[in-house]
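Undergrad: Sequence:
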Amino acid sequence: MYGIVASAACEVFWRQLNGKHPDAEICLVNNAGGYVNGGLLETRPEDFEQQMRSIYFTAVYMTRGLVTAKSEAKVVNIISSSALAAHKNNSAYGAAKAAEMHFFQSLQQEFAPEQYQITNLYPSDIATHGPNPSAIDPKDLAGYIRTLAESQDTVYLRDVTMYPRTAA
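Residue 7 is where the sequence shown starts when you use the numbering used here, and the numbers rise one by one after that.
It is worth saying that the hints were derived from the structure and are not from the lab. Any given hint could be a false lead.
Unchecked claim - Here are the computed distance ranges between Cβ atoms for each label pair:
(1) Asp159 x Thr134: 37 to 43 Å
(2) Pro139 x Asn95: 44 to 50 Å
(3) Glu55 x Ser112: 20 to 26 Å
(4) Pro28 x Gln158: 17 to 23 Å
(5) Asp146 x Val18: 21 to 27 Å
(6) Asn138 x Gln22: 37 to 43 Å
(7) Asn138 x Val166: 17 to 23 Å
(8) Asp143 x Ser112: 30 to 36 Å
(9) Arg50 x Pro139: 32 to 38 Å
All C-beta atoms, glycine included, are put in the ideal place defined by N, C-alpha and C.
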């Protein structure tokens, strides 16, 4: 039932937004979700489900709603380097991020860039809990996303792995 309700809510959101701003250029930034850390036996079964709902399905439903309402848009997905390589005690989060990566790489093949420019970002650590010289500053990430959203170039980036300039 969750999926049907969530998907319908996303479609309503995009129809209403498109109704109010039919000529607006749209850039959807998929960055929802939380983080569950732990090994298989430390992670509760419901945590695996929650990771898929909050990360993967939220991105699927928001993107599907967008595509039903707009014939063209930019989509920027903040996935994670966890989607690219498995890490110990990261199976729930990493699996949800890998599913998200697969979904959007499939959409990159399903839609022409003239319709939907889909950019997947794979940042390593992001300093979400305060300054950290060995992590990406969230302000820098936001600035980069804004640059992607506003770009009128004849090229676009599809898959970008991101690292902080200073590594630990």
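Undergrad: Run every hint past the structure and note whether it holds.
TA: Status of each hint after checking the structure:
1. About 29 Å separates the C-beta atoms of Asp159 and Thr134, a value inconsistent with the hinted range of 37 to 43 Å.
2. Under the hint 44 to 50 Å, the C-beta atoms of Pro139 and Asn95, about 24 Å apart, miss the expected range.
3. Checked against the hint of 20 to 26 Å, the C-beta distance between Glu55 and Ser112 comes to roughly 22 Å, which is consistent with it.
4. As the Cβ distance of Pro28 to Gln158 is approximately 20 Å, the hint placing it in 17 to 23 Å holds.
5. Range check, Asp146 to Val18: about 34 Å between beta-carbon atoms, so the 21 to 27 Å window is missed.
6. Separated by about 39 Å at the C-beta atoms, Asn138 and Gln22 satisfy the suggested range of 37 to 43 Å.
7. For the pair Asn138 and Val166, the beta carbons lie near 21 Å from each other, so the given range of 17 to 23 Å is met.
8. Restraint check, Asp143 to Ser112: a C-beta distance of roughly 31 Å satisfies the suggested window 30 to 36 Å.
9. Take Arg50 and Pro139: their Cβ atoms lie about 34 Å apart, and the range 32 to 38 Å holds.
Of the numbered hints listed earlier, those contradicted by the structure are 1, 2, 5.
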